[in-house]
Amino acid sequence: MSEAKTDLVDVQIDGVWYQFPKGMRMIEACRQAGVEVPHYCYHPKLTSPGNCRMCLVEMGMPPRPAPGAEAPAPDENGHLPISWIPRPVIACANTIGPNMGIRTTGPLTEECRKGVMELLLANHPLDCPICDQAGECSLQEFSVEHGKGESRFREQKVKKPKNVDVGPRVRLDDERCIMCSRCIRFTDEIADDPVLGFTDRGSHTVLTVYPGRELANNYSLNTVDICPVGALTSNDFRFQMRVWFMRETNTIDTNCATGCNITVFARENKIYRITPRQNNDVNSDWMPDSHRLNFHWIESEARLTEPLVKDGDHHRIAGWHEAIATAGDKLSALDGSEIAVIASARMTNEELLMVKRLVKHLKVGHVDTVARVGEADGYLISADRNPNTNGVKLVLGLDDPGSQIEAIKLGIEQGRIKAVIALQENLVDDAGFSAELLGKLDFLLSTYPLANATADASDVVLPGACWAEKSGTMINATGRLQRLNKVVDAPGETLESWEIIRDLVQVTGGGNGIYAVSDLFKQLAAEVSEFKGLTWGQIGDLGLPLIETGVTIPALDREKQRIASGLIVG
Amino acid sequence: MAIIVQRPKLKWWEQLYIPALFIGMRVTLGHLVSILSRKTKVTMQYPEEKWDEHLPEHYRGAPALVTDEHDRERCVACQLCEFICPPRAITIKPEEIPGDDKWAKVEKRPRTFDIDMIRCIYCGLCEEVCPEQAIFLRKDYAITGTSRAEMVHDKEKLYQIGGVRVGLVNKWNELK
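Line by line, the protein sequences give chains A and B. Note that this note's numbering has the first sequence beginning at 3, numbered continuously upward. Note that this note's numbering has the second sequence beginning at 48, numbered continuously upward.
If you're looking for bench data, these hints aren't it; they were derived computationally from the structure. Glycine included, each C-beta is placed from N, C-alpha and C at the ideal position. Just so you know, not all the hints are guaranteed correct.
[Claimed, not checked] Label-pair ranges, simulated between beta-carbon atoms:
hint : chain 1 : residue 1 : chain 2 : residue 2 : range
1    : A       : Gly376    : B       : Gly210    : 55 to 63 Å
2    : B       : Glu203    : A       : Asp167    : 31 to 39 Å
3    : B       : Glu96     : A       : Asn237    : 53 to 61 Å
Could you build the full structure based on these sequences and the hints that come with them?
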């Protein structure tokens with residue numbers, strides 16, 4: 003089987019001969035040859051039912067000679083003449099064979115596409131002005147490219163349920179549905195929660211949820227992404243912003259160690275939605291809803307926007323200069339063994355390098371990060387909810403991140419530790435430090451995007467940028483180095499963590515010389531052996547494997563099996 | 048390519064220029080007489096007098112939103128006008144029409160719709176691009192205010208200028 007798959011066969015696509023592995027889908031061969039075949043139901047990560055009929059193309063094979071007749075002679079390149087089959091075939095579910103011909107242009111295919119478009123649009127409502135899909139809708143795109151331009155359909159359109167609540171996060175509009183069944187296949191094959199299906203027949207077919215059930219699994223919003231039209235839309239994004247206004251930024255998800263590749267859509271410094279970005283080594287085409295929707299807090303009222311210094315019982319707004327100077331005075335007066343640095347595994351490698359500098363410079367005795375352990379869901383969510391635990395191990399050099407937290411608590415209790423620098427971590431709520439315990443400290447400095455109980459107990463509070471407001475690199479659970487890219491500007495006076503730590507190092511008498519996060523990556527490449535020779539540009543949008551961790555992502559393992567068994571293209 | 052202009056050949060009395068002064072003065076005096084005897088009227092006393100009833104049908108004044116014959120606000124907040132507007136004068140914040148509303152089936156409407164009349168260049172692209180025939184350039188041209196904020200027309204003001212338009216869009220009628 004695998005041997006046969008590596009056999010290359012000659013295929014002629016639109017008059018040009020190519021070589022592709024035998025058994026490849028015609029649509030994939032066309033795609034690789036740079037010819038787009040319009041399609042709705044086909045998705046490389048799902049099985050091909052071939053029900054939308056949009057990908058009809060002309061196909062031909064060498065003529066089979068009649069018994070006794072002479073076989074056709076190959077030309078000088080060894081290609082046999084092609085006799086074209088008078089009926090079109092679907093490119094998504096047929097595979098290529100030796101000496102096959104595919105024609106994606108010409109009167110037959112053009113007529114087919116025009117016909118399919120006319121039938122799809124016959125009952126399609128004129129909802130584009132209120133439809134969230136408008137602007138990224140395959141039906142709009144293909145009707146411009148292949149449609150007739152006007153409707154011959156004078157009868158009344160079929161009425162179907164609109165604005166149906168199919169689940170907590172997804173809204174269904176049955177009139178817009180073109181019966182491609184991508185969502186049905188996704189919930190069945192990928193999310194293992196087959197709650198969607200078609201009922202009724204002909205033009206009255208509707209997409210429905212199984213009675214008494216709802217589309218509530220944690221991957222439900224992926225159906226919105228793969229819906230080629232506006233039948234399934236996101237409740238969270240509903241009517242928030244038209245897609246053509248938003249700027250797309252490729253970055254990574256920081257909610258767990260998987261580091262799903264994402265595209266963040268923002269307009270005028272406000273994030274409106276997050277969609278998964280294809281990376282077949284990390285998250286395939288999918289991402290969990292819980293991670294996708296976890297961005298609204300960035301605009302929270304509780305955002306810290308100015309450096310604060312505690313005066314008596316209250317915090318007052320201080321400039322960066324004063325806040326850093328206050329911290330510098332306090333820290334310089336203490337011995338390194340009396341200081342603990344609690345960094346975060348949510349920080350980028352570059353920021354962790356700066357933490358390492360700070361630790362070395364102040365000769366800090368106690369360093370750790372806060373561990374976040376949840377439950378792995380068996381798909382994409384990792385049990386480690388920190389995005390850069392591997393970075394902490396590699397860059398900061400901690401063997402077992404999170405193991406020293408109890409020792410630090412004990413140290414504070416016994417008065418051995420007099421100052422704590424909490425970088426991008428909420429000690430009270432996330433690491434189990436009580437406010438009384440923190441009260442025993444002589445000096446507590448915390449940086450965090452949001453105001454919280456730790457900030458309340460801190461002597462100096464510095465606003466640190468969140469994941470969407472900074473650039474850097476992170477290493478995911480499988481050991482892949484990935485790039486985090488800045489999406490929006492941080493509010494107010496907020497600075498990125500590496501800038502804050504640089505200032506702290508500088509004010510306590512250390513050196514400077516770092517002006518951009520790219521400088522830090524260069525130093526990382528010079529100092530950490532695993533990063534040797536790497537450049538920022540080399541990492542690219544899809545990242546690159548850096549270290550071997552032995553961890554695999556369950557959803558990808560299953561996808562590989564499905565590709566191996568020939569169910570999907572992948 | 049240089050063009051050589053032929054200068055007219057002037058007669059000797061034309062070269063004196065004095066007769067031309069008298070010819071010109073005759074025209075001037077003729078106007079003076081016709082104005083003094085109120086035969087011609089040259090100045091319209093704006094703003095006491097206005098030309099409003101003579102404005103052509105295609106006159107492009109302030110853009111405004113309209114309601115239809117059923118008192119439904121036509122705008123569905125598709126934001127195409129916001130997109131096309133060359134000086135970016137339009138800002139729309141959409142919202143969902145609640146389920147108990149009479150027009151719940153339209154699903155979407157503008158929560159706020161602001162046109163900054165300091166920015167507006169009266170180009171009419173918003174009217175042209177509107178798929179719902181909801182925005183029209185009216186004949187209002189004297190848009191004044193004493194502050195920048197006053198020069199921003201909000202939804203209420205836009206409907207007040209726009210009024211009602213009948214016909215044209217049958218998309219949201221009972222067949223829908």
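| Hints breached by this structure | none
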